[in-house]
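*Asks:* As you go down the protein sequences, you meet chains A and B in turn. So the first sequence is numbered by my numbering: it starts at 9 and just counts up by one. So the second sequence is numbered by my numbering: it starts at 82 and just counts up by one.
Hints are computed from structural coordinates only; laboratory data are not their basis. Note that beta-carbon positions come from the ideal geometry of N, C-alpha and C, so glycine has one too. The reader is advised that the hints may include incorrect statements.
Subject to a maximum C-alpha distance of 20 Å in a straight line, what follows is the list of computed EDC-like cross-link-like pairs (lysine to aspartate or glutamate) [claimed, not checked]:
{"hint": "1", "chain 1": "A", "residue 1": "384", "chain 2": "B", "residue 2": "128"}
{"hint": "2", "chain 1": "B", "residue 1": "584", "chain 2": "A", "residue 2": "103"}
{"hint": "3", "chain 1": "A", "residue 1": "384", "chain 2": "B", "residue 2": "314"}
{"hint": "4", "chain 1": "A", "residue 1": "249", "chain 2": "B", "residue 2": "130"}
{"hint": "5", "chain 1": "A", "residue 1": "190", "chain 2": "B", "residue 2": "128"}
{"hint": "6", "chain 1": "A", "residue 1": "193", "chain 2": "B", "residue 2": "406"}
{"hint": "7", "chain 1": "A", "residue 1": "376", "chain 2": "B", "residue 2": "128"}
{"hint": "8", "chain 1": "A", "residue 1": "377", "chain 2": "B", "residue 2": "406"}
{"hint": "9", "chain 1": "A", "residue 1": "376", "chain 2": "B", "residue 2": "406"}
{"hint": "10", "chain 1": "A", "residue 1": "288", "chain 2": "B", "residue 2": "406"}
{"hint": "11", "chain 1": "A", "residue 1": "369", "chain 2": "B", "residue 2": "406"}
{"hint": "12", "chain 1": "A", "residue 1": "384", "chain 2": "B", "residue 2": "130"}
{"hint": "13", "chain 1": "A", "residue 1": "257", "chain 2": "B", "residue 2": "406"}
{"hint": "14", "chain 1": "B", "residue 1": "129", "chain 2": "A", "residue 2": "380"}
For the chain B half of the interface with chain A, some residues (derived, Cβ under 8 Å), not all of them [unchecked claim]:
{"hint": "15", "residue": "319"}
{"hint": "16", "residue": "431"}
{"hint": "17", "residue": "493"}
{"hint": "18", "residue": "619"}
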Amino acid sequence: MLSRATKFIAAGLAAGVVFAGAVGAAEKAMKDAKAAAQKVVPSQVTKQAIGTGATAAAAKAFAKVSAELYPKAKQEGNLIIYSVWDVEHLKVITDAFMKRYPGIKATYWQGSNPEIITRAMTEFQGGQSSFDIVLSDNAPPVIRAGGGIMSYNTVQRDVLYMHDPTMATVSLQIQALAYNTKKLKPADLPKSWEEVANPKYKGMVALDDPMRAGPLSSMLSGLKTQWNDEARFTRFLKGLKALNVPVHKSTSAMFRLVISGEYAICMPALLHDVIEEVHKGTPISYVKTIPPVVFPRQAAVYAKAPDPNAAKLFAEWMISEEGQKTIDSVGRESSRKDFKSHTSIEAAFGKGTKPLPVTDKLFLEDPKKWLDINVKPIWEG
Amino acid sequence: MPVVGSAIVGAAIITPVLVVLWRSVTTGRLGFTVAFNLTNYLRVFGDKDILPMLGNSVVYAGGAALLGTCLGALLAWIVARTNTPGKTLVELMPLYPILMPPVMKNIAWILLLAPRSGILNGMLQQFFGIGTPVFNAFSMAGMIWVFGLACVPLGYLFLLPVFLSFDPSLEESAYIAGSKPLHTMFKITFPLAVPAFFSAFVLNFLRGLRSFETPVLQGTPANINVFVSRVYDSMALEFNTGLATAYSVILVVLSAITLYFYVRATRFSERYATITGKGYRVKVIDIGPWKYATFLTVFIYFLVGILIPFVVLIVVSMIPYFDYDTFMSFPSNAVLTNYYTVMHHPSFVTGFYNSLVLSSTIAVITVFAGIVMAFTIYRTRAPGTKLFEFIGTVPLAFPPLVLSVGLVIIFLGTPLYNSLWALGIGLFVAYFPYAFRNASGSIVNIHKELDEAAWVHGARWRHVFFKITLPILKPSVGGALFYIFIEAIRNVDVAVLLTSPGKEYGPVTLFEYFRLGQWAEAAAGGVIYLIVLIVAVSVAKFAFKMKFSL
């Protein structure tokens with residue numbers, strides 16, 4: 009029998025080997041990540057007017073790229089998606105995709121944005137070819153900033169509300185000012201985003217945390233760009249703070265509290281959630297005269313994707329008319345200017361509504377850095 | 082041999098912990114890690130909010146642990162030592178609340194106690210004309226109440242075997258000397274339960290320190306920030322796992338301080354040994370008319386612990402949306418669409434099946450490993466047992482999400498990654514401290530004279546372990562298996578990063594509903610889960626005569 013000391017040394021060595029292996033793998037991953045980060049194409053977001061025949065041109069471009077990518081994607085045979093979207097939505101979308109492109113098996117993993125980022129970046133740093141595409145709003149820019157995204161410029165860019173040359177914008181996060189119809193009369197509603205900071209709404213507003221990369225911070229970025237007025241922005245932010253309302257870290261939980269009547273105003277809510285609740289007969293509505301803030305939801309190809317052609321094909325298909333119809337069928341917003349649905353900006357806010365796109369380059373690339381520079385000194389000052 | 086087993090278990094537990102610590106001394110945002118340095122720690126110690134948040138954490142975790150452990154101990158004493166009527170019912174009632182997933186409890190209590198939209202405040206206004214909100218879920222008291230209730234089962238399950246295995250001669254001596262039952266209880270019974278009480282309190286306190294759902298759902302709306310929020314913010318806002326792990330190390334220090342006091346308080350463990358070589362029967366005390374009061378106590382706990390929140394969840398799962406008026410209109414507005422939605426969720430059934438299989442397996446492995454390590458510490462003269470004690474408890478100090486990051490790093494590139502085994506190991510690491518502390522508490526209560534008798538007769542360690550220790554621990558093994566199974570089957574924090582495409586885990590599916598704001602569907606899923614678990618526990622209790630105590 010081994011002596012006690014020998015047993016201890018053996019056990020210690022075993023633990024040491026496991027630990028050293030983990031550290032070594034992670035260190036190698038760090039180096040890879042740094043190298044990959046330098047190759048990333050900087051993001052540019054542009055909003056272009058839709059031209060005559062753009063729809064037809066996009067359809068043609070999609071047919072061509074689809075014909076090119078499908079045989080290669082079929083050879084790859086798989087598609088692994090990491091997404092923040094509801095599993096029920098992902099099921100509908102992947103089923104439609106697999107029906108359209110037989111021979112490709114699509115699977116998904118669902119998590120929150122921080123979980124997706126943590127998992128994706130840990131895998132990236134570990135050199136893992138573990139998934140193909142990220143389908144989310146806040147996660148892709150952060151992963152891209154870490155070098156984890158393979159640049160891909162969609163061929164259907166001309167029909168999009170918002171375009172990023174490194175990632176396909178497949179849907180939009182459209183923010184609306186929602187309110188509880190039992191708590192507020194239409195005459196008492198704020199007339200603009202800015203008016204929510206009016207002291208008369210003290211105690212009535214459910215406020216998203218402006219210091220997290222969530223809907224309110226996207227809105228702040230959009231408003232700051234539109235106003236281009238530092239004093240006005242500061243006044244607005246200070247006004248929100250003066251409401252002395254608690255901030256929430258979960259938009260969905262906050263929205264639920266507005267429905268329950270705990271608060272009267274949801275600052276902000278997501279349009280597809282609001283429309284869904286309105287259809288259910290929930291005492292919720294939104295202010296149609298306040299221009300919606302729009303933020304891209306992207307399908308971003310992973311830098312070490314084992315099935316890159318399947319990933320690109322999926323991104324293109326999501327933007328195509330068929331893909332957009334599938335997205336619309338689960339109640340999510342279209343990213344195309346030429347696609348009509350009940351959650352499209354025109355249908356929800358009226359013809360001629362000019363949305364407020366989030367276009368700040370720094371915010372889209374590094375929301376935390378943008379918040380540290382533009383919001384933190386005022387909010388925490 | 083037990084030392085080797087404990088060393089392997091210790092290595093499995095300490096490795097992710099070391100990876101997390103290593104991550105804390107590397108800097109930079111994800112993808113831009115540069116080098117080993119102390120930047121993360123400099124940021125942590127330069128954080129001006131750290132002390133107020135730590136203060137909030139201690140008040141919240143301490144308050145909830147005290148409430149939960151005391152109430153759990155009281156229930157255990159009532160069940161084990163008194164002649165409270167309805168024995169079987171009284172034994173079962175304290176168990177059911179443990180079955181409800183924590184998030185479900187939070188949702189139910191928010192709906193009950195929210196100041197403006199809460200059901201209880203609404204009733205007070207409607208029926209008694211009290212306009213000013215009396216209850217407030219979004220307050221420190223509300224947080225302590227909800228998490229305190231979640232701490233009761235651990236207190237109950239830890240204390241029950243102590244009271245059940247009590248040598249009555251100690252109390253009888255007191256009675257002979259003229260002591261009254263209440264006096265005897267406070268002077269003899271409760272002091273002897275101190276190690277188990279401290280074990281349960283420490284575990285509940287540590288759970289409170291790292292708990293996230295209650296502070297986020299109830300604390301954030303009241304601007305009450307606890308320390309663990311910083312850990313999650315570092316990941317959720319900054320995506321900086323290095324900083325998150327550095328913040329976690331503060332929790333480790335706090336936990337180490339807590340454990341130091343615990344070890345000091347229980348260092349003369351033989352004092353508390355109540356299972357000796359002498360034979361005896363546990364004596365049930367006749368508490369006279371007080372037995373109705375004790376029955377009422379158990380019943381009230383059953384009401385607030387599960388029945389009321391469960392009823393709220395059932396109603397919420399069957400109404401179109403929640404507000405006070407719609408709630409009060411039930412059942413005229415009842416619908417079953419949420420149940421249909423949940424049952425047709427792509428991952429619900431497979432996830433539920435996976436969680437049942439994995440939780441059962443992990444419970445067995447974890448409980449056995451916990452007993453082996455506790456046996457090594459308290460029944461062998463192996464060197465470094467203090468180190469084992471620390472290793473066995475240290476995962477408790479880490480927020481589960483941070484710990485699972487360490488596990489993901491370890492599993493990357495191995496066949497385990499993206500398998501259910503990885504998730505199983507994650508659950509093992511997360512719940513080992515519960516198995517270990519439970520086994521420790523029980524072994525401390527077994528007097529060494531039993532082992533010594535075997536040693537004198539030439540027995541080897543395996544004889545002592547399998548023929549003496551394990552059979553005596555049998556009553557608490559059922560409870561430990563039950564507790565870890567229940568904790569594992571509702572785990573979200575560890576599971577969320579370790580699940581993978583095509584390998585669903587039930588609680589994650591359920592939590593997804595909650596995260597996406599679909600409270601009604603989450604409630605429907607929670608009700609289905611609860612019904613299955615309640616049936617399982619009742620069958621185990623009545624059909625298989627299983628005892629549930631730790």
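*Asks:* Compare the structure with each hint and give your call.
*Replies:* These are the hints, each one checked on the structure:
1. A:384 with B:128: With a Cα-Cα distance of about 14 Å, the restraint between residue 384 of chain A and residue 128 of chain B holds, given a limit of 20 Å.
2. B:584 with A:103: 18 Å, holds
3. A:384 with B:314: 14 Å, holds
4. A:249 with B:130: 18 Å, holds
5. A:190 with B:128: 42 Å, violated
6. A:193 with B:406: With Cα atoms ~18 Å apart, residue 193 of chain A and residue 406 of chain B stay inside 20 Å; holds.
7. A:376 with B:128: 17 Å, holds
8. A:377 with B:406: Given pair residue 377 of chain A, residue 406 of chain B is violated - Cα atoms ~44 Å apart, limit 20 Å.
9. A:376 with B:406: Status violated; Cα separation ~41 Å.
10. A:288 with B:406: 16 Å, holds
11. A:369 with B:406: 46 Å, violated
12. A:384 with B:130: 15 Å, holds
13. A:257 with B:406: 27 Å, violated
14. B:129 with A:380: 16 Å, holds
15. 319: 5 Å, holds
16. 431: 11 Å, violated
17. 493: Nearest chain A Cβ about 4 Å off; hint holds.
18. 619: Since the shortest Cβ distance to chain A is 31 Å, the answer is violated.
Hint compliance for this structure: hints 5, 8, 9, 11, 13, 16 and 18 are broken, all remaining hints hold.
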